[in-house]
Amino acid sequence: MILSNHMIEVINLSKNYGTFKALDDISFSIKKGEIIGLLGPNGAGKTTTMKILTCYLAASSGKILVDGLDISEHSIETRRKIGYLPENAPLYEDMTVWEYLDFSGAVLGLGGEAKRGKIDEVVASCSLGDKKHELITHLSKGYRQRVGLARVLLGDPEILVLDEPTVGLDPNQIVEIRELIKKIGRSKTVILSSHILSEVEATCDRVLIIKGGHIIATGTPEELRASKGGQSRIMIVLEDISGRDPVSALGGVPGVTGVEKIKSHETGVVICSVICEGGKDLRKPLIAFLRDHGFVLLELSRTQLSLEDIFVQFTK
Amino acid sequence: MGRIWAIAKKELSGYLNSPAGYIFLSVFLVFSSWIYWRTVFLVGEVSFRSFFNYIPWIFLFLIPAISMKLWSEEKKLGTMEVLLTWPIRDWEAILGKFFGSLGFLILALAGTLISPLALSYLGSPDWGMIFSGYMASLLLAASYLAIGMWASALSRNQIVAFIMGVLFIFMLLLAGSEMFLYFVPVFLTPILSYLSLGTHFDSIAKGVIDSRDVLYYFSVIFFFLYLNKYLLSLRKN
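Protein chains in written order, with the numbering used here: chain C, 1 to 316; chain D, 1 to 237.
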């Protein structure tokens, strides 16, 4: 047996639905204690990966090792280690929060004082105290998500698998759930999927970008930026002078790889977004160019490429 | 065992905490008692036999109504993903649901005991017959339930599950009826009447508790629970 600090190892995993390849030979590994984000457009294979990992679906080929054990042979042991929150946190609508957690605890093999203690603990850590005796059907989306998380935590899993944990929540709820995941993630291995980039950036140590059943990039958000040559973006605001097209003019400046006109809400103003070649600081040449060609510069600022830009470039 | 019990308890309290559960209980009790008492004074006989004559037909519609939600609701809500990714075996979930619903049906059957008790004021009914009638009803209910639950795993739509359940039970019930056997080739009649849910019911309800009839019901229950497990395992592909 090979000793490794990898909690999860996915080896040449493929999944076909009929003739459709949902996952095509993907491999990756996750270290103990990491928070991993699976990122990708809808239908990329994020949920399929999670369903195979949690033993809900079987792989068409390839395997997954959890803690060194093949999950297809050690299904029950694997599921004991994993807490899975499917998309939209499915719950039994006609139960109260407490009844639901009580039932979940019993199915997980908890009983008596131990069960009550554990329920109180997860209710407290998910801030569900005042909703304990409310029917689940009356809860808001944010609370439902918390009930789902509380249920996941009940089994004290080493690995949390969370499918789109913040989808459909309002901005305040998103921040709350993120904080909760970060808090939990201090002591556990977490895999979460999302198609919202800022979310992955805010919570995850490492990101896997999946598209069309393939992993197309992996790394920390910083590494992903660097892999695109450390490109930077310069925003330029110019006075709109009729008959002058700044986009084509700026495209001719050496070192510029792309110029895009951005819609402005101010009248008489043109905003351009200029992408610069790796590592170059083009602010001075751009200012000189604009001055020499009679443009009236109102604003100029440089930003790092956001994860959004990187994602778009990767998944194009 | 504890896990099967936990799921059974959840299903049973689901029926007892919902208006649908009480609607079922009242419809079943009122309907079955009314059909029976309607004729008691006309016949003028202290017998409970005729009560059981209608049981297969009342159950035909009421039991699929109880079982239709067992899997289709889980599928629709998405809770099936949670249930089947818990560290439990698929058959533990199946048995839990089966016993939970069976518990509710036992409660419903127990409610009808009012009729034979009332009858014992009017005369002295044959309690042996009544016992075997209840035994036949229980075995029949459990078989209908296993079929209905399997039908529920066919669809995420409860109405579809209900209709499929009624249809399959109806076919198995009718297979042994004289009206149906009249039209099939002679060599098929013993097979069909053996496979029929109705013929075995009649013989137990008559007061003859034959182990072959009991075995038949256990086979039907086992067969459909197994089909149920097979249907669940198809999700993996």
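Worth flagging that the hints you see were computed from the coordinates, not collected in a lab. There could be a bad hint or two in this list.
When the alpha-carbon atoms are kept at most 27 Å apart in a straight line, the in silico DSSO-like pairs for lysine-lysine are as follows [claimed, not checked]:
{"id": "1", "chain 1": "C", "residue 1": "Lys132", "chain 2": "C", "residue 2": "Lys188"}
{"id": "2", "chain 1": "C", "residue 1": "Lys81", "chain 2": "D", "residue 2": "Lys75"}
{"id": "3", "chain 1": "D", "residue 1": "Lys9", "chain 2": "C", "residue 2": "Lys81"}
{"id": "4", "chain 1": "D", "residue 1": "Lys9", "chain 2": "C", "residue 2": "Lys21"}
Where chain D lies over chain C, by a calculated footprint (3+ residues, C-beta under 8 Å) [as the list claims (entries may be wrong)]:
{"id": "5", "region": "45-57"}
{"id": "6", "region": "71-81"}
{"id": "7", "region": "85-91"}
{"id": "8", "region": "106-116"}
Now the in silico label distances, taken between C-beta atoms and shown as ranges [to be verified]:
{"id": "9", "chain 1": "D", "residue 1": "Pro19", "chain 2": "C", "residue 2": "Ser198", "range": "29 to 37 Å"}
{"id": "10", "chain 1": "C", "residue 1": "Gly109", "chain 2": "D", "residue 2": "Ser177", "range": "42 to 50 Å"}
{"id": "11", "chain 1": "C", "residue 1": "Glu113", "chain 2": "D", "residue 2": "Trp127", "range": "41 to 49 Å"}
{"id": "12", "chain 1": "D", "residue 1": "Phe223", "chain 2": "C", "residue 2": "Thr220", "range": "51 to 59 Å"}
{"id": "13", "chain 1": "C", "residue 1": "Phe314", "chain 2": "D", "residue 2": "Phe170", "range": "53 to 61 Å"}
{"id": "14", "chain 1": "D", "residue 1": "Phe61", "chain 2": "C", "residue 2": "Ile11", "range": "46 to 54 Å"}
{"id": "15", "chain 1": "D", "residue 1": "Leu227", "chain 2": "C", "residue 2": "Asp205", "range": "43 to 51 Å"}
{"id": "16", "chain 1": "D", "residue 1": "Pro19", "chain 2": "C", "residue 2": "Glu266", "range": "54 to 62 Å"}
{"id": "17", "chain 1": "C", "residue 1": "Ser198", "chain 2": "D", "residue 2": "Gly111", "range": "52 to 60 Å"}
Backbone N, C-alpha and C define an ideal beta-carbon position, used for all residues, glycine too.
When you take the CB atoms of Glu113(C) and Trp127(D), is the distance between them in 41 to 49 Å?
Check passed, 46 Å falls within 41 to 49 Å.
With a C-beta cutoff of 8 Å, work out whether three or more residues of the region 45-57 of chain C approach chain D closely enough for the coverage to hold.
holds (count 5)
Holds or violated: the 52 to 60 Å window for the beta-carbon distance between Ser198(C) and Gly111(D)?
holds (59 Å)
For the pair supplied as a hint, Lys9(D) and Lys21(C), confirm whether the alpha-carbon distance does not exceed 27 Å.
Violated, at about 41 Å.
Could one say that the CB atoms of Leu227(D) and Asp205(C) fall in the range 43 to 51 Å?
Roughly 46 Å apart at Cβ, these two residues keep to the hinted range, so it holds.
Does the Cβ pair Phe223(D), Thr220(C) satisfy 51 to 59 Å?
holds (55 Å)
If you count the residues of the region 106-116 of chain C with a beta-carbon closer than 8 Å to a beta-carbon of chain D, do you get 3 or more?
holds (count 5)
Within the assertion that chain D covers the region 71-81 of chain C, do at least three residues meet a Cβ-to-Cβ distance smaller than 8 Å?
holds (count 4)
Is the gap between the beta carbons of Pro19(D) and Ser198(C) within 29 to 37 Å?
violated (45 Å)
Is 54 to 62 Å right for how far apart the beta carbons of Pro19(D) and Glu266(C) are?
For Pro19(D) and Glu266(C) the Cβ distance comes to about 60 Å; the hint holds.
Within 53 to 61 Å: is that where the Cβ-Cβ distance between Phe314(C) and Phe170(D) falls?
Holds, since Phe314(C) and Phe170(D) (Cβ atoms, about 57 Å apart) stay within the stated range.
Is the straight-line distance between the alpha-carbon of Lys132(C) and that of Lys188(C) 27 Å or less?
holds (25 Å)
Consistency with the previously given hints fails for numbers 4 and 9, ordered from lowest to highest.
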